[in-house]
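Asker: If you're matching them up, the sequences are chains E and R in order. Heads up, the final residue of the first sequence is numbered 227 in the UniProt record's numbering, and it's a clean run with no missing numbers. Heads up, the final residue of the second sequence is numbered 227 in the UniProt record's numbering, and it's a clean run with no missing numbers.
By construction, these hints were calculated from the structure, which means they are not laboratory data.
In the DSS-like style, the derived pairs of lysine-lysine whose C-alpha atoms are separated by at most 30 Å in a straight line are: (1) R:Lys121 to R:Lys105; (2) R:Lys121 to E:Lys105; (3) E:Lys121 to R:Lys105.
As the structure is a prediction and not an experimental result, all values here were calculated from the model.
2 protein chains.
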Amino acid sequence: MPTLYHHPLCPHSRFVRLVLSEYGIDATLIEERVSDRRPEFLALDAAGRTPVFVDDNGLVAPGANLIAEYIDETYGAERGAQRLLPQEMAARIETRRLVDWFNVKFFDEVTNWLITEKVYKRFAPPGGAPDMDVVRVARANIRHHMRYIGYLTNARNWLAGDRLTYADFAAAAHISCADYLGDAPWDEDEAAKHWYQRIKSRPAFRPLLSYRAPGLTPGRYYAELDF
Amino acid sequence: MPTLYHHPLCPHSRFVRLVLSEYGIDATLIEERVSDRRPEFLALDAAGRTPVFVDDNGLVAPGANLIAEYIDETYGAERGAQRLLPQEMAARIETRRLVDWFNVKFFDEVTNWLITEKVYKRFAPPGGAPDMDVVRVARANIRHHMRYIGYLTNARNWLAGDRLTYADFAAAAHISCADYLGDAPWDEDEAAKHWYQRIKSRPAFRPLLSYRAPGLTPGRYYAELDF
Numbered sequence: 001m002p003t004l005y006h007h008p009l010c011p012h013s014r015f016v017r018l019v020l021s022e023y024g025i026d027a028t029l030i031e032e033r034v035s036d037r038r039p040e041f042l043a044l045d046a047a048g049r050t051p052v053f054v055d056d057n058g059l060v061a062p063g064a065n066l067i068a069e070y071i072d073e074t075y076g077a078e079r080g081a082q083r084l085l086p087q088e089m090a091a092r093i094e095t096r097r098l099v100d101w102f103n104v105k106f107f108d109e110v111t112n113w114l115i116t117e118k119v120y121k122r123f124a125p126p127g128g129a130p131d132m133d134v135v136r137v138a139r140a141n142i143r144h145h146m147r148y149i150g151y152l153t154n155a156r157n158w159l160a161g162d163r164l165t166y167a168d169f170a171a172a173a174h175i176s177c178a179d180y181l182g183d184a185p186w187d188e189d190e191a192a193k194h195w196y197q198r199i200k201s202r203p204a205f206r207p208l209l210s211y212r213a214p215g216l217t218p219g220r221y222y223a224e225l226d227f
Numbered sequence: 001m002p003t004l005y006h007h008p009l010c011p012h013s014r015f016v017r018l019v020l021s022e023y024g025i026d027a028t029l030i031e032e033r034v035s036d037r038r039p040e041f042l043a044l045d046a047a048g049r050t051p052v053f054v055d056d057n058g059l060v061a062p063g064a065n066l067i068a069e070y071i072d073e074t075y076g077a078e079r080g081a082q083r084l085l086p087q088e089m090a091a092r093i094e095t096r097r098l099v100d101w102f103n104v105k106f107f108d109e110v111t112n113w114l115i116t117e118k119v120y121k122r123f124a125p126p127g128g129a130p131d132m133d134v135v136r137v138a139r140a141n142i143r144h145h146m147r148y149i150g151y152l153t154n155a156r157n158w159l160a161g162d163r164l165t166y167a168d169f170a171a172a173a174h175i176s177c178a179d180y181l182g183d184a185p186w187d188e189d190e191a192a193k194h195w196y197q198r199i200k201s202r203p204a205f206r207p208l209l210s211y212r213a214p215g216l217t218p219g220r221y222y223a224e225l226d227f
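Bound conformation, chain E alone (with noise of 0.2 Å):
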């Protein structure tokens, strides 16, 4: 069984959980504390970051981007219609444009700064109180992500087109640690919401929903699959 090294809040991390749980993919899941700096860790990943996926054959893939490339290219290819990156080349530009823009500009922008501050900071040194100008920050930033994904889905069937593709799982992925924090504003654009709502009753989310940190209870809408 291939292993997921990963943090139950790192947004990039859940982004390859719903890939692998929507292709029906087990994987033995590891959590890891990237602080922590475990040389058995940093050996898979000279970068240090979650998540690294180990194949059955030994590969080792770091990093979202590339886990999903490579889940493309050995469990994905013959999807056919199910493919969650799509064959044809404008749907491949959009769907990988749309995982960029989650996996690194909302992350710059918002889950870096809402986890590092309010999740990361628990157990790392030196610790200490979540700074709240930095969360307030986050949270104006992610008011214009929301914005753009009701614009997007109000054109569209998903994100990147009429059909599911990666760009919905990591969009997906980075608002729900956002919504757990409570800081997904979910009166900022109906049509994000009522995308939210259909990708979040998908099976492939119901892990994540399940999921309690210690000492951290989550949003209030977070496990609700209709608010």
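Go by the hints and put chain R onto chain E.
Answerer: Just chain R now, kept in the frame of chain E:
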């Protein structure tokens, strides 16, 4: 002819220019200052970053990693031994891992700081002198990366293995920007220096080495092939 929207000292743009040149793909270069936030440019890429590649078929590929995948799938797939993203899975993973290392990690720790402080501040409001504390951090960080390049190229012919790949061009693109600004520490690692001498000697590098930014003299060894 395809079009590449780029900035001459943007490391991600340089990576794509090297790849296009290595593959013999001519492209019209349009210099873009992302800080201008031109509506026509934002219509091509809502994220507003360089580079953006527009192919003859009208497809718009934004962002260095996405362009690299697109070029591989449209121009690279049939290049055989000259293909810059190898066919074999372990080599594909290693190549993409290192492309990510330089385009994300090296950028976050080195080039983003150097270019923002020393180049972009010159023409984007509010402007001002470079923050030398930030520049010093970038100069300290780049030394670790030089040793990592040395470590890899001591064990292998090129960065990701025996063959030249995207990884070499991504790394060299970022280092060439630091080198232009006089911030590449050539005293740090002999193997890294030898690797850079080899890749810098390739014809694809020539247009980059002949570039001069208005009012910004390049570092002493920038254009020398033997330094």
